[in-house]
Amino acid sequence: MFRGMEYVYAVYQEKSISRAAERLCISQPSLSANIKRIEGKVGYPLFDRSTKPLSLTECGEKYIQSIEKIMAVENEFADYVNDWGDLKTGSLVLGGSSLFASWVLPGLIGRFSARYPKVHVELVEESTAELARLLQQGRIDMMLDNCKLDPKLFDHAVYREETLFLAVPYKFPAIQEASPYIVSREMIVTGGWKDESVKPVPLELFAREPFVMLKPENDTRKRAVEILQTAGITPDISLELDQQLTSYHVVCSGLGVAFVSDTLIREVPARPDVVYFKLPEARRSRRLRFYWKAGRYRTRAMEEFLKHTTTPAPQT
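Counting from 13, one number per residue, gives the positions in the sequence shown under our numbering.
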């Protein structure tokens, strides 16, 4: 019944027999015949051919769920076997949102690959919600993120601590009064901002400026709102965006104030038209974590990657 399940799964993913056939490098008639053969074994149609694109029938949905369970078991066994090769073979699939996939993970992958060149590493860039779904499905091994995922569903290891700063266009009028509180990029990179002599900026100085915020479900947005509320400020939100990197570019264009992390500040080039400010201590810091599906077998590749990238810390 599940012989040839890869044909059904390809059609499910592509929502088209022609595209699935092209992806599988077989003829469309051959693929159609295989699908009909499997449906004959099942006893019911798996696809509703009256819809465009193709959609699953109720029985088809259950079949796909069963396929994914089989694939997860196969992948877990393959991961186990990989351990016996002393990492002379194997694979590792990592995920991250735009910021981490662009600036953080490539460097970590490069160092890991230099140590274990025979391990095939893939990088998947998606939203946090989509990455969590891929983890649950076993489609990726680990993801790096700054949010807190459900500990009942995901295990984690701490990568490092991350701190938020306020990024402001230098041309904004408030800068004149706020200038004594400016923190240089060098101080952020070296950690000099942690000195007690470096004071948090009074946020009321920017109460009338337009704020560039991330979407409400984003952890940075939640922290930003709490920090501003504590200061008695209801922000004038001029833009709501999906990615922190995009909000930074908006600040560079002089269109608003944004909350950005030292992770981003470390990676982007210094700009004379953007200045940074230390925020009040409460809610400005968080941990970057590598997450994987709770209870899953951790491959040797996963173990070695975590060993060389994470730091011992309480898992809170």
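Just so you know, the hints here were simulated from the structure itself, not pulled from any lab data. Any given hint might turn out to be false.
[As the list claims (entries may be wrong)] DEER-style ranges, computed between Cβ atoms:
(1) Ala243 <-> Ile82: 27 to 33 Å
(2) Glu134 <-> Pro228: 48 to 54 Å
(3) Glu252 <-> Gly16: 18 to 24 Å
(4) Thr63 <-> Met83: 45 to 51 Å
(5) Ala243 <-> Arg35: 18 to 24 Å
[What the hints assert, rightly or not] Cut-off 27 Å, straight-line C-alpha distance, at most; resulting in silico cross-link-like pairs (DSS-like, lysine-lysine):
(6) Lys160 <-> Lys27
(7) Lys53 <-> Lys27
(8) Lys319 <-> Lys160
(9) Lys305 <-> Lys227
The beta-carbon is built from N, C-alpha and C at its ideal position, and this holds for glycine as well.
Now for the hints, and whether the structure bears them out:
Remark: the range hint 27 to 33 Å for Ala243 to Ile82 is contradicted by a beta-carbon distance near 54 Å. Between Glu134 and Pro228, the C-beta spacing of about 31 Å breaks the proposed range 48 to 54 Å. For the hinted restraint 18 to 24 Å between Glu252 and Gly16, the CB-CB distance of approximately 46 Å leaves it violated. Under the hint 45 to 51 Å, the C-beta atoms of Thr63 and Met83, about 25 Å apart, miss the expected range.
Range check, Ala243 to Arg35: Cβ separation about 53 Å, and the 18 to 24 Å hint is violated. For the suggested pair Lys160 and Lys27, the alpha carbons sit about 34 Å apart, so the restraint of at most 27 Å is broken. In summary, the hint linking Lys53 to Lys27 is supported, as the alpha carbons are separated by about 21 Å, within the 27 Å threshold. For the hint pairing Lys319 with Lys160, the CA-to-CA distance comes to about 21 Å; that is within 27 Å, so the pair holds.
The straight-line distance between the Cα atoms of Lys305 and Lys227 is roughly 25 Å, inside the 27 Å bound, and the hint therefore holds.
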